[in-house]
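Construct all of the structure, not just a fragment, from the sequences and the given hints.
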Amino acid sequence: MERKIKAFKELLEIMDELREKCPWDRKQTLESLRKNTIEETYELAEAILNNDLQDIKKELGDLMLHIVFYAKIGSETGSFDMGDVLEGINKKLIYRHPHVFGEVEVDGSARKVEENWEALKLKEKGGNKRVLEGVPTALPALVKASRIQEKASGVGFDWEFREQVWEKVKEEIGELSREIEKNDNDKMEAEFGDLFFAMVNAARLYGIDPEAALERTNLKFIKRFNYLESKTLLKGKSLHDMTLAEMDEIWDEAKTKE
5 MERKIKAFKE LLEIMDELRE KCPWDRKQTL ESLRKNTIEE TYELAEAILN
55 NDLQDIKKEL GDLMLHIVFY AKIGSETGSF DMGDVLEGIN KKLIYRHPHV
105 FGEVEVDGSA RKVEENWEAL KLKEKGGNKR VLEGVPTALP ALVKASRIQE
155 KASGVGFDWE FREQVWEKVK EEIGELSREI EKNDNDKMEA EFGDLFFAMV
205 NAARLYGIDP EAALERTNLK FIKRFNYLES KTLLKGKSLH DMTLAEMDEI
255 WDEAKTKE
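Residue numbers (the numbering used here): 5 to 262.
No lab work stands behind these hints: they were computed from the structure.
Glycine included, C-beta positions come from ideal geometry on N, C-alpha and C.
Label pairs and their computed distance ranges (CB to CB): (1) 105 to 233: 52 to 58 Å; (2) 40 to 230: 26 to 32 Å; (3) 230 to 156: 35 to 41 Å; (4) 241 to 34: 48 to 54 Å; (5) 109 to 230: 51 to 57 Å; (6) 25 to 227: 43 to 49 Å; (7) 154 to 46: 19 to 25 Å.
When the alpha-carbon atoms are kept at most 25 Å apart in a straight line, the in silico PhoX-like pairs for lysine-lysine are as follows: (8) 224 to 239; (9) 95 to 13; (10) 148 to 191; (11) 259 to 241; (12) 39 to 61.
Below is the structure:
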């Protein structure tokens, strides 16, 4: 513990020094850091997806730097400092875990803990908080859909049995098919959205992170396509000159090497 406290204290001191003496660090604002913070978050997410523990450690450090940076800027305006940030999260964690720090008993399931967490969040701010208020508007649509459904489920708005979701998926596919036949782009877009939302719901019910699942497929496609392109170039050809059948043959070869 002492080593961790010492390292954190050193980071705070380094930030003080940078803010005073480095021209770039000195001119940063909460707004100017926002884009870089989002980038760092995605880099951490990629490292987690790759299960690269060394990279995860590095990216966590980068993200920690941003947290300390924001706190330093807040302290300069007298709005908040690192102590306020830490005290706030400590207080929140204790309040939202009465089964650990209080007298509340749960049945031992993670689902019950999650439901209790959402119920406690709604009691905050005088009980006037709406269920979906905690979903940031700036989240990517896929992640946002997942969070919306998790929060709705937390107050009991969910399927009784997870298998029931597949009827909804089939229903949405049918509605999309009908709009495709009519060739109405606006309605097709709406039905594609409904279908995606239903699929995200299905993923949640089966314990799958839809963002991670889609990114896994993205990476798989990139790997196979790069193999296809490399093999084509080795033959002195361009993909533009290949037939679909020729490309499919190399694509299948790429699949066998996974």
